[in-house]
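Listed here are the chains, written in short residue letters.
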Amino acid sequence: MILLIKYTLLYGTVLSLVAFGGMFSERSGIINIALEGIMVIGGLCGVVVLSLLPATFSPFLAVVITILVAAASGCIYSLLLGFASINLKADQTIGGTALNIMATAIAMIVAKLVNGSESARVLYSNKSFLFKIGTLELNVFLIIAIVALIFAVIFLYKTKTGLRLRSCGEHPQAADSVGINVYKMRYLGVGISGLLGGIGGFAYIVPAVSEWNFEVGVSGFGFLALAVMIFGQWKPLRIFLAALFFGLFRALANISSSTFLGDLNLSSNIYNMMPFIASMIILALTSKRSRAPKAEGIPYDKGSR
Amino acid sequence: MVNNKRAKDVFNSPGVRSLYSSLICIIIGLAVGFIVLLMLSPRNALSGFVTIIKGGFSYGGLGIASAIANSVPIIMTGLSVIFAFKTGLFNIGAAGQYTLGAFGGFLFAIVLDCPWYVCLIMATLFGAIWGAIPGIFKAFFNVNEVITSIMFNWIGLYLVNDIIYGGGTGVMYDRNYTKTYNLKVYHPSSVVPTWGLEKVFNSNTVTIAIFIAIIVAVVVWVILQKTKLGYELKSCGFNKNASRYAGISEKKSIIISMVIAGALAGLGGGLYYLSGTMQWNPQNSNSLPAQGFDGISVALLAMLNPLASVFSALLISHLAEGGGNLDPRYFSREIANLITGVIIYLCAFSLFFKNKINDILGRKDRLLALKIERESIRSMLPTDKYVESDDENAQKEEADKAKEK
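Respectively, the protein sequence lines represent chains A and B. Start counting the first sequence at 362; every next residue gets the next number (my numbering). Start counting the second sequence at 904; every next residue gets the next number (my numbering).
Hints are computed from structural coordinates only; laboratory data are not their basis. Note that beta-carbon positions come from the ideal geometry of N, C-alpha and C, so glycine has one too. The reader is advised that the hints may include incorrect statements.
The list that follows gives simulated cross-link-like pairs (lysine-lysine, PhoX-like), each with its CA atoms no further than 25 angstroms apart [stated by the list, open to error]: (1) A:K649 x B:K1143; (2) B:K1082 x A:K649; (3) B:K1143 x A:K655; (4) B:K1154 x A:K655; (5) B:K1082 x B:K1102; (6) B:K1143 x A:K450; (7) A:K450 x A:K519; (8) A:K649 x A:K521.
Under 7 angstroms between C-beta atoms, here's a sample of chain B residues computed to sit facing chain A [to be verified]: (9) F993; (10) F1044; (11) N1107.
So, partial list: chain A residues that the calculated Cβ filter (under 8 angstroms) puts toward chain B [unchecked claim]: (12) I394; (13) P420; (14) A423; (15) I455; (16) I462; (17) I470; (18) L474; (19) E479; (20) G581; (21) N633; (22) M634; (23) I642; (24) L644; (25) A645.
Please model the entire structure based on the sequences and the hints provided.
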């Protein structure tokens, strides 16, 4: 049971961080399908820096630095999406897909370079990221996710900038007519989403294991996060709850063999399928009355009114 | 004179302009690849770059054969993406449909021992079913097809792996090689024939699959450009409200379009695995078949032209072959993937390039047309009257001004 809670929180944290990222981007009017790639890049940069730090390095500083590196790299990478879809008015879905493809290639090249061999496995120590309450093992990313949740609620609903950002996702022409810089707001949305996506990728890789093969990327978690975001109706608190729900499904796959579920004799493939099937059923039921930002996916052209 | 004009039209036609922007994307993509090579190992960068450019030609017939064989599945997934795209849908689920297609092929080859053409038809059917699901979700539940098809990519992968592996005792699973049974050894009648192509390339990887792929590309072009069905599907993609008004069922169109897209990707999976050179590894549950995503690259590089997809697939598989030939001591083979990624990223806003080219070429055209028009009007009118009328106008204007005062 403890194990189930541990894994639920682990995956729930990742999904909520990344889904918050998607939410900021979509609320500003940009569909961020590149979250998967942003996660890979954030995870890669964080892990590589972590593996290069000397063993004697202060654990607290190591945690702070690597998380900042992951966030910054995700943010920079997401600007590529911003540039293509905001300035050049590219198709956002295609641009995002291209970034996903590039991210995996970059990750493989860098990981092999760091290893100096033909394997893309990177080893690191993750002890400093974990702490225990009683017998329950938790990681620092849970705290970050809760902070991100509070930040998202306050920023989106209580600040001037948040209101402006949301208005750019609903009706950018109207926003522009009252003097809001739509391009700037959309860059802000994409930038925050890159930041959170980068941390999310790092959070997916580091706490669970102490070596990572970048050949597998983050196995579809970025896309799962998008489903979480839709299920959460682009609202922070709902997204957080939805993420925990999905996390629970994913956690079942991890503990299936060691608990009573093992007696059912289902293979791990079935459990791996479950979060995806659950999300499909939920999407089918909820999408009819979905409240997506109205202007998402449409490049803003100052000339068209 | 006429000939000259026609030549200029060809030069300026939309197709050729698309070609320009594709070429710009490829050149910039290669340049980025070269910069990455320079960063990784300046001393070997040039030779590495030449290896990538040479691609399949490095090892004579063998390399060319391998490039052609690997281009077949991505022609098909590329066509799948193109077909969906032309009808306003983004089929990122080609990987899953491809997986199911491969599974359909294996099922009818290994378990039922059917001849190759039956296996291919079944592969197509399996892909079509997997493609229909996102279509149904989109049509009836209003779920974005991108999310659905990604979800069903993974569901398909886990499902197929689970059935083939079957806990190590699956009927299609060869425990000695931890893969599916080698079709060439156990089921030679299910392998797509080569019809003597092995002698041409001195390698047994090329089968008639490449010809099937080319024929399918032509068929897809005909369906999209020359048939009522293609017209209806495309019009739904352009403006669903207008087509509903014109009496086209939007829901039906979405599902038909996804079924055809899925069928194309499924056939790709069948053609690749029924060639007998590759076996499926059911224990690889972490990554989807790359061919599904390469299809997106193929489609975009071809600027969504079904016929051009054959060439763009050959180019991408040629580059991948080159990446594989790189010296692993200095460079990793993924540099080829990086180049492809950069090319698609550029293709995403190649419309921007295309419009720029159109602008530059178009402005000249417009100025010229204006000049010719003016001259022809002037030559038609008698000179003195033309001047006179001009004077009259001026007088009128002056009179008006005087009145206002």
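So, going through the hints one by one against the coordinates:
1. A:K649 x B:K1143: holds, 18 angstroms
2. B:K1082 x A:K649: violated, 43 angstroms
3. B:K1143 x A:K655: With Cα atoms ~17 angstroms apart, B:K1143 and A:K655 stay inside 25 angstroms; holds.
4. B:K1154 x A:K655: holds, 22 angstroms
5. B:K1082 x B:K1102: violated, 28 angstroms
6. B:K1143 x A:K450: Holds, because 22 angstroms separates the two Cα atoms, which is no more than 25 angstroms.
7. A:K450 x A:K519: violated, 30 angstroms
8. A:K649 x A:K521: violated, 31 angstroms
9. F993: holds, 5 angstroms
10. F1044: holds, 4 angstroms
11. N1107: Violated - the Cβ of B:N1107 stays beyond 7 angstroms from chain A, reaching only about 27 angstroms at its closest.
12. I394: Holds, about 7 angstroms.
13. P420: violated, 30 angstroms
14. A423: Violated, about 27 angstroms.
15. I455: Cβ of A:I455 sits 4 angstroms from chain B, so the hint holds.
16. I462: holds, 4 angstroms
17. I470: Status holds, d = 5 angstroms.
18. L474: OK, holds: A:L474 within 8 angstroms of chain B, min 7 angstroms.
19. E479: Hint on A:E479: holds, closest Cβ of chain B at ~5 angstroms, below 8 angstroms.
20. G581: holds, 5 angstroms
21. N633: holds, 5 angstroms
22. M634: holds, 5 angstroms
23. I642: violated, 10 angstroms
24. L644: holds, 5 angstroms
25. A645: holds, 4 angstroms
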